[in-house]
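Asker: Those protein sequences? They're chains F and W, same order as listed. Just so we're aligned, residue 1 is where the first sequence starts under full-length UniProt numbering, counting upward by one. Just so we're aligned, residue 1 is where the second sequence starts under full-length UniProt numbering, counting upward by one.
No lab work stands behind these hints: they were computed from the structure. Wrong hints could be hidden among the right ones.
What the hints assert, rightly or not - Just the calculated beta-carbon pair ranges, DEER-fashion:
1. F/L241 / W/N116: 41 to 49 Å
2. F/I13 / W/V286: 44 to 52 Å
3. W/W341 / F/R282: 45 to 53 Å
4. W/P289 / F/W14: 21 to 29 Å
5. W/S335 / F/Y61: 54 to 62 Å
6. W/T342 / F/A24: 38 to 46 Å
7. F/L241 / W/L247: 45 to 53 Å
8. F/F28 / W/T342: 13 to 21 Å
9. W/P232 / F/V298: 25 to 33 Å
10. W/S135 / F/T167: 18 to 26 Å
Just so it is clear, CB atoms sit at the ideal spot from N, CA and C, and this is done for glycine as well.
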Amino acid sequence: MALPTYASPLERIWHWTYIALCVAIFTFLIAPILVVIPLSFNAEPYFTFTAKMRSFDPDGYSLRWYDTLLTFGMARPDAPRDAAWWADVWANARWINAAKNSVIIGIFSTILATVLGTLAALGLSRPEMPFRRMIMAMLISPMIVPIIITATGMFFFYSSACVDSTTTLGRWLAPVLSNNGCLANTYLGVILAHATLGIPFVIITVTATLIGFDQSLNRAASSLGANPRRVFFKVTMPLILPGVISGALFAFVTSFDEVVAVLFIAGPDQQTIPRQMWNGIREQISPAILAVATLLVVFSILLLTTVELLRRRSERLRGLSPA
Amino acid sequence: MQNALDPHAAIVTEASGGAATLLTTADGQPLARALARSSARARRRAFLLVAPLLLFVVVTFVIPIGQMLHRSMYNAGFADNMPQVSAWFQENPAGTPIDEAAWGALAADLQLAAGNRTIGIVGTRINYDVPGTRSLFTSTGRKARDGFPPPYRDSLIEADAKWDNPTLWRAMRSASSAYTANFYLSSLDRTRDDDGKITTVPERQQVYVMLFKRTLWLSLAITGMTFLLGFPIAHLLATLPMRKSNLLMILVLLPFWTSLLVRTTAWMVLLQQQGVLNDIFVWLGVVGPDGRLQMIYNRTGTIIAMTHILLPFMILPLYSVMRTINPSYVRAARSLGATSWTAFRRVYFPQTLPGLGAGALLVFILAVGYYITPALVGGSTGQLISNMIAMHMTETLNWSMAAALAALLLGGVLVLYWVYDRLVGIDNLKLG
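Required output: the full structure, derived from the provided sequences and hints.
Answerer: Right under this line is the structure:
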């Protein structure tokens, strides 16, 4: 990027303009995300830096919005903060319940998407795979098809996907279905929907890892007498594991951030964090939303760090970049 | 098992035989057949690995969307609940004068639907085509509980004079067959006039074509903006040494990993009239305290927020292509006398086109179907077609209309997806 010594004055001016431009664009990219962090500590219910905040007066800052996250929806928020108060938080606080739902739905949909997606990626990476291109296009399409269309389709499907609760199958499935035996308004429905939306990410990351995969390692293992299962768990799996984990993280984030499908197919019992945020933003936006946003930004920084470390490890393992 | 893993290990070529001898495997089978069998087995195994996921995606994704497409042309709200008058329409072709038999069938059906409490569904279905008729059905339904005395025409018109309306009868005729293209006609701001010819709806009722056009224009604008902002960044990242560019890459990837709702909220906070950006403008003296800019809840808000959200999808493919461009080409051009602008325009830029095409297509595809951000920051002028689909799903409850709009949008997106697959290849889709 350094300027050559023979650069003309005009080129020097252009070079520095270019650098300034890039700084401005990076600011555009990152500033909106960083600005919510200090604002979430605002002592006033405003979305701007108050005079006290600008002069770094400690009175201008407070944790009241983080406190709201705990107390909102509680039965007795003003009771003394003893064990009973915390039990109340755990049982009734809206945001805590939303977080619990997000984690439950996220984990199960991630497991489903990762297991099915990794198996499929292994198949798709084999040169013998028939109709490879067509099938790949179909499996990636949940990422491409507008979410509103997917959610609309799922809404119709889940409201009609019902099992008669008097049949054996119906009795057996009753715990995971809604009262009338349908998939709509159930955890299972949301988990299936989120798994579908997460699958493309698993396929993309795992096939990307498999591109650099040396098939002769598998042959070597089987020629040394390992059975296919042993080959998979002892040779293939450790090598593609970084890709599988980043795919799983992508799937988890997709579920954790998904709101449209939840809006359409989930019931009041399956309120997730994004759904709760959506309500908050649409009705009366309060700085409590910024407190959630800050927590989510911290969460995404952690995830990004993990994925970057995994990617580097994967490249090192596959010999694509020096250690 | 060992044999199955590597059938080639079992192949023995009969070197001693002449040229005419058939090559066979160790157990005496012809080599060609053994090879065909083993490759069929390999294909089957590869397919078996994919099969569970394929089944899963078909059930949870393809079938629901197929069902939705079906709904866009199928609405049995009238046909199922008004059997006799539907039958009369089947027997008598369009243009037949409405006789007493038809009025009798209508009266009987109204009584039936009122008894079954389905009169609202029937009214809603006709209301899609002739606005304001739902109440006609429900109010007549209330009077129909004990049946109408013949002559039916007179007693129905006595119940409500609006029944003597050819437009209404035409709408009932078209609703009497459950399969209909009417919802697609409506999605294109078209309707059928009294002669059954397709015409444009009155100007003040035209919404959908305008929305489709707006969606296209805004998506193009957003794609253009992401290109203008993404190109310099991708270039910088691609030309810096690896260590520095990896650090800066974090600034691109962090927004990518941050929740969509968080980013949208952040823009709401920044762009509000009492928000941070307006405060800065006032402080700088760019605008007066009374002249705070309206940058959100309109088209500007949608463009700014969506450009920010989709920018990484432009930068990442551009970056991965620019990384592979050999810098000596530009140096060669410069040494041959090209100015830096000419070298960029004639030598560097054409090499970035694959990345540019991939990024632009991806951003455009994602922008066309965007829902959340326009819904939150778009106000009334920044809404896209997705928001209209959501409105029909959740507010007007005209699900067939929502399905028809969704089908048109889906068709457009699938065409673009196909182009993307042809030009770029889905395998080259990169995430970070």
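Asker: Decide, hint by hint, whether the structure agrees.
Answerer: Results for each hint:
1. F/L241 / W/N116: 41 to 49 Å: 60 Å, violated
2. F/I13 / W/V286: 44 to 52 Å: 25 Å, violated
3. W/W341 / F/R282: 45 to 53 Å: The hint (45 to 53 Å, Cβ to Cβ) holds, given that W/W341 and F/R282 are roughly 49 Å apart.
4. W/P289 / F/W14: 21 to 29 Å: 38 Å, violated
5. W/S335 / F/Y61: 54 to 62 Å: Roughly 58 Å apart at Cβ, these two residues keep to the hinted range, so it holds.
6. W/T342 / F/A24: 38 to 46 Å: Given range 38 to 46 Å: violated, Cβ gap about 26 Å.
7. F/L241 / W/L247: 45 to 53 Å: 26 Å, violated
8. F/F28 / W/T342: 13 to 21 Å: 30 Å, violated
9. W/P232 / F/V298: 25 to 33 Å: Given a distance of about 29 Å, which is inside 25 to 33 Å, the answer is holds.
10. W/S135 / F/T167: 18 to 26 Å: 42 Å, violated
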